[in-house]
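Protein chains in written order, with my numbering: chain F, 261 to 549; chain U, 261 to 549.
Treat each hint with caution, since some may be false.
Just so you know, same-sequence chains aren't split out, so a pair can sit in one copy or run between any two.
Calculated pairs, DSS-like style, for lysine-lysine (alpha carbon to alpha carbon, straight line, at most 25 Å) [as the list claims (entries may be wrong)]:
1. Lys-386 <-> Lys-521
2. Lys-531 <-> Lys-410
3. Lys-531 <-> Lys-386
4. Lys-386 <-> Lys-328
Hint data in this document are derived by calculation from the structure and do not stem from the laboratory.
Each chain is listed here by its residues.
Number of protein chains: 2
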Amino acid sequence: MNQPRNAFCLSLTLALLLTAAAVPAWAQDDTEWRSVDAASIAYMQLPGGEAIIELNAEFAPATVAQFKRLVRDGFYDGLDFYRVVDGFVAQGGDGSDMGDANSEPMLPAEFERPWSADFAFTSVQKPDMFAPETGFIDGFAAGRDMQSRKVWLTHCPGVIAMARNDGPDTGSTDFYIVIGQAPRYLDRNLTIFGRVVSGMDVVHRVIRGPSEANGMIAEGEPRTNIEKIVLAEDMPAAERKSVQVTDTSSAEFGKVLQSRKKRGPPFFHHKPPEVLDVCQVPVATRIGR
Amino acid sequence: MNQPRNAFCLSLTLALLLTAAAVPAWAQDDTEWRSVDAASIAYMQLPGGEAIIELNAEFAPATVAQFKRLVRDGFYDGLDFYRVVDGFVAQGGDGSDMGDANSEPMLPAEFERPWSADFAFTSVQKPDMFAPETGFIDGFAAGRDMQSRKVWLTHCPGVIAMARNDGPDTGSTDFYIVIGQAPRYLDRNLTIFGRVVSGMDVVHRVIRGPSEANGMIAEGEPRTNIEKIVLAEDMPAAERKSVQVTDTSSAEFGKVLQSRKKRGPPFFHHKPPEVLDVCQVPVATRIGR
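Produce the entire structure from the sequences given, and follow the hints as far as they go.
In C-alpha cells, the structure reads:
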C-alpha cells in the first residue's frame, strides 16, 4: 500500500493516456479528415469566446434555411440564453418560444428521414437502449430503424436543435444546445439541425438559470449574451477558418470503434460490456486557417 | 406554416416547461429531501466559484479517508487541473499520476462492493446497456448485478474519482471529475468517491487542454487552479451551509422515475422507448444556511 511508485511511472503515463484517458489513437496522425463546407458553418460569438457550429441541411433543410436567413437578418445578435438548465440544455433566442410569438414563420417538423442507402452510416451499437441501432453519418450521431426505415439525428452533447411548443410544427427561431448528459428521449421529437464542432468549453460557460424555475432566467438577472452569429459563407474566403472533422465513414474510424468496444488494454481489470454509447464516442475537429 | 402563434402561447409555456424541459414535478415543492451530513461535504474553491462535493464513504471508505486527510494537510490547495479533456474529465492534483510519484500512500481498489439488502437501492433501469440494472443509492447513480451480487457507483457527469495507473491499487492523490457524457465503460474500474452536488457550472469553466495532447496542459500554459478545498466538518457549524439532496429512496422520487419512463405529455409525438439513462435523471440539490 505504501510502496513508492517510481518503477511504474514511465510506462504508466502512456498507459493512462491510452486507457483511462480513452483517447483513441486517431487523435494522433492517422485520422482521416473530412473538410466541412463553408455553407455549413456558423460562428457563434459568446462572451467567453467562439463556438463553431456545423449545420446539417441534409437532415433539416427547412430549419437550416430559416436559421441561415435569421442569422443574415441579425435576428440573434444581442439576444440571450434565457433558459439554461445545468446538465441539460442552454436555450437562446428572443424568448418567443416562452411567451409572445414573433412573426417568423413556423417550421415543419424535421425529426427523422426515410432511410436511404445514400447515407454513409457507420454502425456503432445495435441495439442501443434508445434506438434499434446507432451510428454516425457525416460526424453526426444518428439512430436508425431498418424496420420502419427511418433515420434521425440523436440528442448528444453539443447538438443544436429548434425549441418548439406542443405542436410538432411550432419551432421557428429559438434553439437549444445540449450541455449535459444526452437527453435521448427527445430523439425524433425535435429538429436537430447542427452540432457544435468546436468551442463547447465556451458554451459551457453560459450562465445557468435556477433549477426551481426550470432554468428560466428572469429579465434583469444576468444572462449570457449571444453577441453575434455569422455564416462562414458570408465572410471573405481569406477570413474563413478551415474546419475539418473526423471522417466517420473512414476505415480508420471503424477501427477506432472496434478498439473502443473491445477495451483491450491492461488498465481494464473489470472488462466492460462490449457496447458503445454513440454520444460518448469522440469525433475530433481540426481548425485551421 | 406562417400563422401567428399567439393562440398557443399561454398554454405552451407550461407545456414546454414540463416536457421539453424534462424538469420533473419534484423540482417544485413535493420533493422529499435528505440532509447531507457535514462529515460528507467538501467545498472546492475554484476561480469561477465554489463546487460542493458529497463524499461517499460507504462505497469508498479508504479513498474518502485519504482524501479528507489530504484536504486537511492542504495538499490540493494551489494545485491545478492539469489534464482536462472537453466532454470527458477534468483531472487535478500534483501530476504525480502522470510522472514522478509523490510519497502519499497508494489506495486499495474500491471499485465495487458486495450487494447487501442494507443498500437503499431504487431501481431505474433493468437491463441498462452497461449494467444488468441501474438505480440510485443515497442520490448516487449505481449499478448492480444480482447474479454476482455486486453493486457499484457509475460514472455519471459530476462524479469525482481517483485517477490511477495500470494496477488497480495505484490511485493515491490525483482525482478527476466527469465533465461530459457518462464514460460508463470506466465503471468498476476506478474508485468513485463522491459527486458534485452543486457548482457543476463552475467545474465546467475549467480550462481545457489540447485534444491532440490528450488534454494534458503543458507547464507554463494557463491552467485552472484548485484554490482551496475545505471540509465542512472543519468549519464552525455556523459557517456551514445546509446541503440537501433529493431523497432517492422516497416514494415521491419513485413516482418521478415512473413518469419519466412513461413520457405521457402531448409534447411527445414520437413515444420514446420506456427506458431511463440513470445518468440523465436529475437529482436536485438545495443549499441553505
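Hints and how they fare:
no.: 1; hint: Lys-386 <-> Lys-521; in the structure: both (12 Å within a copy, 21 Å between copies)
no.: 2; hint: Lys-531 <-> Lys-410; in the structure: between (33 Å within a copy, 15 Å between copies)
no.: 3; hint: Lys-531 <-> Lys-386; in the structure: both (19 Å within a copy, 20 Å between copies)
no.: 4; hint: Lys-386 <-> Lys-328; in the structure: neither (35 Å within a copy, 43 Å between copies)
In summary, the one numbered hint that this structure violates is 4.
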